[in-house]
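If you're matching them up, the sequences are chains G and H in order. Take the first sequence: its letter number 48 is residue 48 in the working numbering, and every next letter is one higher. Take the second sequence: its letter number 115 is residue 1115 in the working numbering, and every next letter is one higher.
None of these hints come from the bench; they were simulated from the model. Hints may contain errors.
[Unchecked claim] According to the in silico footprint, chain H covers these stretches of chain G (three or more CB under 8 Å from chain H):
1. 34–45
2. 228–238
3. 247–260
Every residue gets a Cβ at the ideal spot worked out from N, C-alpha and C, and that includes glycine.
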Amino acid sequence: MKNSIYILFAVVAVIFSSCNPSPSLDDKTMLDYGQISYAVPDSLNKHLLSAYLPNPTPTQLNTPVIICAHGYTATTFEWDEFRAYANTKGTFYVSQVLLGGHGRSYTDFKKASWEDWQSAITWEYKNLSDMGYKKIYLAGSSTGAPLIINMVKNHFFDQYSLPKGIFLVDPIIVSSNKTLTLVGLLGPVLGFTTVDLANGEKGHWYVYRPQETLKQLMALIDLTRQDLEDGITLPTGTYMKVYKSEKDETADPVSAFMIYKGMRTSSGGNIDVDLENSNLHVFTRLEGRDNITADQRALQQKVFAEMEAKMNQ
Amino acid sequence: MRKALFTAFVFLLFLPLLKAQTAIPYELAVGLRVQKTEQLYWENGVGADFTSDFLLQKKIHLKLSYVTSRIGSAFLSNAVRQDNVIIGADWRFRSDKDFQLFAGLNTGFFHADMEIPKFDVLPHNSMLLQLEAGLFYKFKFPLATSLSVGYNVINGDGVNIPGTLFPVYYQLSVFYYINK
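Using the sequences and the accompanying hints, generate a full structural model.
Here it is as structure tokens:
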């Protein structure tokens, strides 16, 4: 009995002494290190429409503009290809927001809440609305989606120009990795988790995921799921469409079903959902991935064209 | 002749069991079950628990239950309607006492109702495989209650298994002994 108590005490001591460990940040090519930053003025001025087009003409104010929000641990890089598409078409503008705490350093990421992540979207929306843009759209990939849904739920748009439409690409309401549901319990012991990035993704995504941010992610998606269960109504005249990969090892495809059930247009109708024959998470971002197929490229272009058509309807 | 021999063989095989059933008491309890999945739904339903002396002196309990979000989180809400049919067996520690501990293994079937044909391409059926452990208390009157925590060994992965099959759940059950 006495031995058992000693063993139990030793196990507890080991667990607590290893609580909340931090990763070794010694690779300067990693976004986590802090040397590469998307939050510097040069980068922000290049990606935010309010910065790169500060004095729009009346014609420009009548051109559709879409604010694109990336996912957890990502950067504006996630929407670069859509921005490039927009540049070739010239029929709409793209404003790529960098979520709070993202694209900076491990330390900055660790201390940011999901409300901090969201603040970048609300800040740019407010700017564009105040500048007089009349056709504002939003696009959210992965975690960008629940951040936008939360803005709808909280009636954020009521005080600004109402959005014409919202596009969600591989939204996450339920994580595919169900172990994350235990992050509240296991998080302090783990400290952080690590992901493998393809060579082309290095420097654009964080490699390390502090348990504090995983808790923030789970808090956000759990809250959004509950809000959807209660029902959320879109602002008057706002269109919504969800594009979801049928197989997705990051955002469980059931997320699309939950959004479909939980969201209603202002007239009480259903939103649009397309389930795509894809196994990529955020299938609209192909840059940086290994081994892209022609089908994946075609799907990306099809969705970009659909979004463009909707915005210019 | 072969048929008669076979019948006699079967009779002899089950004779000890039949004797045990008539000579040794058994316990059959039915009741209500409340289940909360970690970070997901309330799912409620009914359950039954059976044991007898021939199950290693009531150390083994056989269980059957049905819980659903239809009378839980999905009642008057947009939560996913899902059903769990579970059979299982527990090993009871302190089986002769009022306060017991148990650990067991369950299996069964999980179904999530996708409602709209468009979503039928998503995985919505799965086998269940669960580990469960908990506390069980028998009152002096013919009621008992149990509190347990379970782990779904098979849980959603975004590819082949329904996304609302989460790993950890907690259960509270109240049973009534119908043969006491």
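Evaluation of the provided hints:
no. : hint    : result
1   : 34–45   : violated (count 0)
2   : 228–238 : holds (count 4)
3   : 247–260 : holds (count 13)
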